[in-house]
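From first to last, the protein sequence lines are chains A and B.
Just add 19 to wherever you are in the first sequence, counting from 1, and you've got my numbering.
Just add 19 to wherever you are in the second sequence, counting from 1, and you've got my numbering.
Possibly wrong hints are sitting among the right ones.
Since copy identity is lost for identical chains, a pair holds within one copy or between any two.
Stated by the list, open to error - With a Cα cut of at most 25 Å, we get these calculated SDA-like pairs of lysine to any residue:
id, residue 1, residue 2
1, Lys43, Gly307
2, Lys185, Gly307
3, Lys402, Tyr238
4, Lys318, His287
5, Lys136, Ser256
6, Lys43, Asp308
7, Lys318, Gly307
8, Lys43, Leu269
9, Lys43, Val56
10, Lys185, Gly293
11, Lys136, Gly337
For the record, the hints were derived by calculation from the structure and aren't laboratory data.
2 protein chains.
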Amino acid sequence: MANVAVLGYGTVGSGVVEVLERNKERILESAGERINVKYILDLRDFPGDPFEDRVIHDFNRILEDSEIEVVCEVMGGTGAAYQFTRQALEAGKSVCTSNKELVAKHGTELLALAAGKHCNYMFEASVGGGIPLIRNIHNSYTAERILAVTGILNGTTNYILSRMEKEHADYHEALKQAQELGYAERNPEADVEGHDTCRKAAILSALMTGREVDAEEIYTEGISGIQQQDFDFACGSGMTIRLLAVSRILEDGRLSAVVAPFMVPREHPLASVGDVFNGVLITGNMLGDTLFYGRGAGKLPTASAVAADVIDCVRNRGRSVMAGWGSGKAEIADIAENERHFFVRTSAEDAERVRKAFQGEKEGASEGSFLDGEFGFFTPVMKEKDFQERCRELGDAIKSRIRLI
Amino acid sequence: MANVAVLGYGTVGSGVVEVLERNKERILESAGERINVKYILDLRDFPGDPFEDRVIHDFNRILEDSEIEVVCEVMGGTGAAYQFTRQALEAGKSVCTSNKELVAKHGTELLALAAGKHCNYMFEASVGGGIPLIRNIHNSYTAERILAVTGILNGTTNYILSRMEKEHADYHEALKQAQELGYAERNPEADVEGHDTCRKAAILSALMTGREVDAEEIYTEGISGIQQQDFDFACGSGMTIRLLAVSRILEDGRLSAVVAPFMVPREHPLASVGDVFNGVLITGNMLGDTLFYGRGAGKLPTASAVAADVIDCVRNRGRSVMAGWGSGKAEIADIAENERHFFVRTSAEDAERVRKAFQGEKEGASEGSFLDGEFGFFTPVMKEKDFQERCRELGDAIKSRIRLI
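Could you put the whole structure together from the sequences, leaning on the hints where they help?
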């Protein structure tokens, strides 16, 4: 029997306990032994809860109990969660987490600490919820050089964009709907400004490159500037709009990483990932593209991923199997050199002037189309820096600009 | 360094050698040591081939060489491939294969043999080509009870159906196109009659239930009866047609498994899996649905999956990690009890009579529609046996019938 402690009895924590309990026969089969929740650490008491006798308030009891092999850190944040994770790993206890913020910020150090102590720091649930992404990169793409990871990694923003697309809701209406349904927080900034996606992109990029990737170095734009008119033009061009994390290895070995709303052609595999779903396209040098698509959040899917990590730790007792990434830092290319098409929206009056400003680049611009007194078109392929400079010159004439994948 | 032998230097075999060579630095990182192709077994010689010095003709040299740890069986068939696999496993050498026929037929015995010898029999490449399905079921769904697996598992038939849909090609034209492009064999029966899909369904069903599943007990229908008119009606109803393997665990624990063409609503995740791609939807009791989508065949994707198995064997030297399934047999429910809607196509003259014959069931039939002198509609939810009986009574009046997913 393997004893585990769960840190934090909130949504994910109670989900982990529920999954371990409800699927205990299946888990016994997978792990080869029973997995027992010996402690649940929380500040609160839970009178009447079926597991109330496991609830404790002092982390040292977990640390000092040699029977505890695995700790599930599902508290969130980078304060106590960081301290507890360090202490558990130093004591040789494996840690499984859904805490993307902590993984993005201190993953390098915690992975090295785990490796030195022959235990594991696992974080499948930190990216893509229940979609097995990290385990796949680690266990399935072992004979592949991963060239790119392109993903919809945030369910909240994908829900908002899907509502704007399907119901012609404006951004604020769609956000309000998401909040009412519990998909978005009252302060939605971390989601809608792309910070959550950016952290997940940093984790996936680090796994792809084998090096540390600083989330703060990833160029990040959110969706709060997307308007219904953008969707009208997207729709007319056979496209939709998605908040994507786009990471790829450049020919010189540097990493290109950007988080931003993108125009996505309808036939692109990520275009059909709607509502709160997540989808990730992994491009390998032998395999080509593989898409993984499923629930990127939610109590039970996230908890199931944490539980799978716990089982992996138990199966690999005494072995550090989670390679993760090393301590070297990935070199991130400046976004200014990226080349792509851009969608530009302007007023009908400015149409000719604005379109002309983007002519004469490598590949021709699209014809463009007029809609409700506005004009939208795609620029030729051009460098970010040239595009931004042109936009600056045109000033207010540019009503919106969205990259094309 | 780990030494491996490749049995069969055909398409997949030469792909395995190519992947191990081209990605050797990446593989060194993943496996923790170099992987060296010491022998290539083939009946032929390959003068001028960069690996001609590794080519041998006598399997015993591999068997008797204690340096060989892993054998890649990529010959196909169930004759010599079966004998060589048995002998290698008995000698304690792990075997990795893309041979779905052999896995479906002798997997139970070979898995048990490997377990007894503390080595592994791995077959990631046997289902879904480069899409990591088997490793996911085995390593990622460890805390899940898998309730159902629904998949497009054959690229050839998916290509044919996609051509019929997009180019209004008839079945024979589309098949000919597939043959010209090398997607279909000259004798396409194994693909178009569903046998290939059925073997893969048996492997996935065995992994899902943990018990042996006899492919011959799975009800199987191919696509050779699908006509352009079926696509016209499908299109008019917002649907497409896909050859699916549908396996699910019934409430009483029995397995329901069927391979057949299905009408699939446009918004279903599998509807957008087109051309030669494969897609598999795994339904877990906590995770809900996750879709995996990618190249189900092809030299390098398949070879990459075999190479990933080789790395797994090297990483787990001396440990049998591939649980697979036990020796008990899964009980397969008779398809006659399955309940679903069916699409029925008849002539305009027979419309009223045929439609009436399916009325009065649990849930109302669809209105139906007329198209080019024919009438198509969906029946209410009904049992297979009742549906088939009604069809028998109506005889030639039924021009086609397709299950609805």
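Hint-by-hint comparison with the structure:
1. In the homo-oligomer, the alpha carbons of Lys43 and Gly307 lie at most 25 Å apart only across protomers (18 Å), although the nearest pairing inside one protomer, at 37 Å, exceeds that limit.
2. In this assembly of identical chains, Lys185 and Gly307 lie within 25 Å of each other by CA distance solely across copies; the values are 23 Å between and 31 Å within a copy.
3. For the identical chains of this complex, Lys402 and Tyr238 are intra-copy neighbours only, at 15 Å inside a copy versus 56 Å across copies, given an alpha-carbon limit of 25 Å.
4. Within a single copy, Lys318 and His287 get their C-alpha atoms only as close as 29 Å, which misses the 25 Å cut-off; across copies the closest is 24 Å, which meets it.
5. Within a single copy, Lys136 and Ser256 get their C-alpha atoms no closer than 55 Å, and across copies no closer than 59 Å, so neither meets the 25 Å cut-off.
6. Proximity of Lys43 and Asp308 under a CA criterion of 25 Å is satisfied inter-copy only: 21 Å between copies versus 35 Å inside one chain copy.
7. When the C-alpha separation of Lys318 and Gly307 is checked against a cutoff of 25 Å, the pair qualifies only between copies, where the shortest distance is 12 Å, while the shortest distance within a copy is 32 Å.
8. For a Cα distance limit of 25 Å, the shortest separation of Lys43 from Leu269 across copies, 20 Å, qualifies, whereas the shortest one inside one copy, 45 Å, does not.
9. In this assembly of identical chains, the alpha carbons of Lys43 and Val56 lie at most 25 Å apart only when taken from the same copy (11 Å versus 42 Å across copies).
10. For a Cα distance limit of 25 Å, the shortest separation of Lys185 from Gly293 qualifies both inside one copy, at 10 Å, and across copies, at 23 Å.
11. For the homomeric pair Lys136 and Gly337, the shortest alpha-carbon distances inside one copy (9 Å) and between copies (23 Å) are both at most 25 Å.
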